[in-house]
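Student: Protein sequences, first through last, are from chains Y and L.
Residue 419 in our numbering sits at position 419 of the first sequence; the count goes up by one each step and never skips.
Here our numbering runs 1000 ahead of the position in the second sequence, where the first position is 1.
What the hints contain is simulated information worked out from the structure, not anything from laboratory work.
Bear in mind the structure is a predicted one, so any value in this text is a computation, not a measurement.
Built from N, CA and C at the ideal position, the CB exists for glycine as well.
A portion of the hints provided could be inaccurate.
[To be verified] Sample of chain Y residues at the chain L side, in silico, Cβ under 10 Å:
| hint | residue |
| --- | --- |
| 1 | I5 |
| 2 | F7 |
| 3 | A23 |
| 4 | C33 |
| 5 | G196 |
| 6 | S213 |
| 7 | G256 |
| 8 | Q325 |
| 9 | S326 |
| 10 | S363 |
| 11 | V420 |
| 12 | E429 |
| 13 | Q452 |
| 14 | Q462 |
[What the hints assert, rightly or not] Think about it this way: if two alpha-carbon atoms lie no more than 30 Å apart in a straight line, the pair counts; the simulated DSS-like pairs of lysine-lysine are:
| hint | chain 1 | residue 1 | chain 2 | residue 2 |
| --- | --- | --- | --- | --- |
| 15 | L | K1255 | L | K1268 |
| 16 | L | K1144 | Y | K171 |
| 17 | Y | K171 | L | K1275 |
| 18 | Y | K230 | L | K1144 |
| 19 | Y | K335 | Y | K108 |
| 20 | Y | K446 | L | K1268 |
| 21 | Y | K322 | Y | K171 |
| 22 | L | K1255 | Y | K446 |
| 23 | Y | K417 | Y | K446 |
| 24 | Y | K171 | Y | K73 |
| 25 | L | K1255 | L | K1275 |
| 26 | L | K1285 | L | K1275 |
| 27 | L | K1144 | Y | K446 |
| 28 | Y | K230 | Y | K335 |
| 29 | Y | K230 | L | K1285 |
| 30 | Y | K417 | L | K1144 |
| 31 | L | K1275 | Y | K230 |
| 32 | Y | K335 | Y | K171 |
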Amino acid sequence: MPETIGFLRPRQAVLDRRREIIADLADLLPEGCLISDERGLKPFETDAFLAYRRLPLAVVLPETTEQVAAVLKYCSRYGIPVVPRGAGTSLSGGAIPQEDAIVVGLSKMSRILDVDLFNRTATVEAGVTNLNISEAVGADGFFYAPDPSSQLACTIGGNIGMNSGGAHCLKYGVTTNNLLGVKMVLFDGTVIELGGKALDAPGYDLLGLACGSEGQLGIVTEATVRLIAKPEGARPVLFGFASSEAAGSCVADIIGSGIIPVAIEFMDRPAIEICEAFAHAGYPLDVEALLIVEVEGSEAEMDAMLQGIIEIARRHGVVTIKESQSALEAALIWKGRKSAFGATGRVADYICMDGTVPLSQLSHVLRRTGEIVASYGLRVANVFHAGDGNMHPLILYDINDPADAARAEAAGNDILKLCVEAGGCLTGEHGVGIEKRDLMHHQYGKADLGQQMAVRAAFDPQWLLNPSKVFPLEGRPAA
Amino acid sequence: MIVHFEPASEEGIATVVRSAAAERVTLAIVGGGTRSGLGNPVRADRTLSTRRLSGIVTYNPAEMTMSALAGTPLAEIEAALAANGQMLSFEPMDHRPIFATTGEPTIGGVFAANVSGPRRYVAGAARDSLLGVRFVNGRGEAIKAGGRVMKNVTGLDLVKLMAGSYGTLGILTEVTFKVLPVPPAAATVVVPGLNDAEAAAVMAEAMAQPVEVSGAAHLPESVRGRFIDGALPGGAATVLRLEGLAASVEMRSEKLVAALSRFGPGSKLDSAETKTLWTEIRNVKPYADGTARPLWRVSAAPSAGHQLVAALRLQTGVDAFYDWQGGLVWLRMEAGAEAELVRRYVRALGGGHATLVRAEGGARAGIPAFEPQAPAVAQLSERVRAALDPAGIFNPGRLAAVA
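Please take these sequences and the hints and turn them into a complete structure.
Tutor: Here is the structure:
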């Protein structure tokens, strides 16, 4: 497809020194930690934002923080861009490299360093997967709360880079609310530690700033995260509605009533059909919209909470209510929801939007989204975290048809502008990456963006870390 | 002569700042002034107050968010929330009792100092509730960061950066924050007679139970009588708060008492007593003693808090009580501040931060109020500060490493 998003022009001086750089990196790293042949580089040329690809100059896979520091020190000395990478599951192109860049992959740093149940913390290397943390402490009755749908593959380092969310954030918050500390390598190889097991370090909240900075402020190599006691039980319940608007206003009323379930997920008819065909989760196929509402606690507590939710749903004309009757059914319900993107990928190519809107705007934005996509002659499936207004319209298109792809991208941009106009934001959990970089001026004024860029430059004055991402290429301060 | 600016608008503030930056005139930024004792003393040419920048801008209870101008009195905000059955989940501490200050705390001051209370340990700090800000930076530009939605990863999180920056990066003009429903019922389980180490173990065990404890504090014998008019049972009191629907609180407190039964018979406080107790814990009532005796606030790993106190007791006269499962230690020194000793033990016990909250003038001038940072972090922080306030005009000295 034709590329509408530009990358920084590769630095010729770096490309010219390719062989020398590879030889130097080989000296800095143990055997088996450097990839420089084209076949080996191929898997690193993109992430889950598949429309854009760039072969990097080399990939390094360090085994220690010291090795990451040595590579960054070297790269800053010679002005070589660096692109950090976890599992490469970014939906916004956050891990896509460029021709003059060294990819620093954290996949070999995958040890759990410390589980401290007394203080309810886990300290892990950046390449540990999100799910691994919960699995490591599950038998003791704890879990790590943020649960992006890619949690089987995505790494905690990537989660910190993107401040990832997930279905259960409504109650437990996103990554930044569950992150206690990091070890981070700065652009010049300096290693710093921020936060730790003691809460609320004085001084500027650099930990909060680093979380969600998309690999532009440094490379996180270790993280300390908060563990939470697992609830006694959890029960997802399906609520089917005859219209998306009814489901949307039901969500706003549930939250407005003061009941805060653990999760409220939304699917429209196309999404229900796609997910049901994939997961056989027992979703009703005769409704226009479906809410998955999960409550947790003891049986009696869940019953009490559900009673309140059911009353509200009835007021909004709910047509089907189905409670999961077993752990297996509950697992299937979540499997269907969490496989939504993958299942959609089986029936069509898609681009996934991630705008967040105030709950009062949910129904309006859903309706307008449908109209916008239809006006481009395309189809949309909606599957998202309704409880916090974080929408994920999947715009279906054919990646092999350039005109179709261009229409999908244009429709996506219109939807994101709509989200901003409705009082929301461009991205709730997937990050700006390259995807939404050129839309940033829709959300922020010139001074707002200038201030963010000045702070970024305080961390990386040469703009070497993930340089093509997040900020529009024009208007950057001179390095 | 100190000139006092009280602009009534964001633009008015920006105008003052632009001319101050041009003339390198430094500004002390104040809200209600009730927390001016926090941090190192500020030496500035002029004072700028946000007092006239007051009022709730938008409040939509169904969306659980509120926007307010920075100088809005906290009391006005809490009253508006209470009228709708909502609250600030992070329970901001009122510093007036320990500082013996008067006046009205402002919402801007709450976020500028990232002021939290007992529920912080499970529900997050003030910074976790802050969704968006407007502020005037050191160039006199009005900057917007974040927004009014719960999930937002669009660009760098300058919102977090502004929270807890004590007015040294910019002047907050408007804050947008998340609010939560007030739990319909609350109770406190009291386990009596534990020593500090036993209490730490009990609190850790309580937090590991699926009962959603929303407050875990230990009040040793020396302070116990100061709470709820002496109504707590004799000896030390380890207190665990549960909140939620009435029936659920009832069930969970029974479960918790059963789970902790080997530590002795637990008793229970009702909703009203619970409210009073945790407000008093939040406001550090035992040390609101009208004195300037040195008061430390130490944040450490919960397992380290009681060890710190035990180690200090061998060296000096100290009284202490614990919040946040034992990880927040309030230390009142009987004589000198003993900064070197306190900070050495905090480091030796795995790290944390000792903040000197109160001391008489001489000690306060000689001791950095905040835990000194590692050199690389301090240098980075200084570069960040310069990116927001290049002329260094805001609250000079407040966060200084060297007093």
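Student: Run every hint past the structure and note whether it holds.
Tutor: Hints and how they fare:
no., hint, result
1, I5, "16 Å, violated"
2, F7, "19 Å, violated"
3, A23, "30 Å, violated"
4, C33, "25 Å, violated"
5, G196, "6 Å, holds"
6, S213, "6 Å, holds"
7, G256, "3 Å, holds"
8, Q325, "21 Å, violated"
9, S326, "20 Å, violated"
10, S363, "13 Å, violated"
11, V420, "9 Å, holds"
12, E429, "6 Å, holds"
13, Q452, "5 Å, holds"
14, Q462, "13 Å, violated"
15, L/K1255 / L/K1268, "12 Å, holds"
16, L/K1144 / Y/K171, "27 Å, holds"
17, Y/K171 / L/K1275, "23 Å, holds"
18, Y/K230 / L/K1144, "38 Å, violated"
19, Y/K335 / Y/K108, "28 Å, holds"
20, Y/K446 / L/K1268, "56 Å, violated"
21, Y/K322 / Y/K171, "22 Å, holds"
22, L/K1255 / Y/K446, "56 Å, violated"
23, Y/K417 / Y/K446, "17 Å, holds"
24, Y/K171 / Y/K73, "41 Å, violated"
25, L/K1255 / L/K1275, "21 Å, holds"
26, L/K1285 / L/K1275, "14 Å, holds"
27, L/K1144 / Y/K446, "10 Å, holds"
28, Y/K230 / Y/K335, "19 Å, holds"
29, Y/K230 / L/K1285, "34 Å, violated"
30, Y/K417 / L/K1144, "18 Å, holds"
31, L/K1275 / Y/K230, "27 Å, holds"
32, Y/K335 / Y/K171, "20 Å, holds"
Of the numbered hints listed earlier, those contradicted by the structure are 1, 2, 3, 4, 8, 9, 10, 14, 18, 20, 22, 24, 29.
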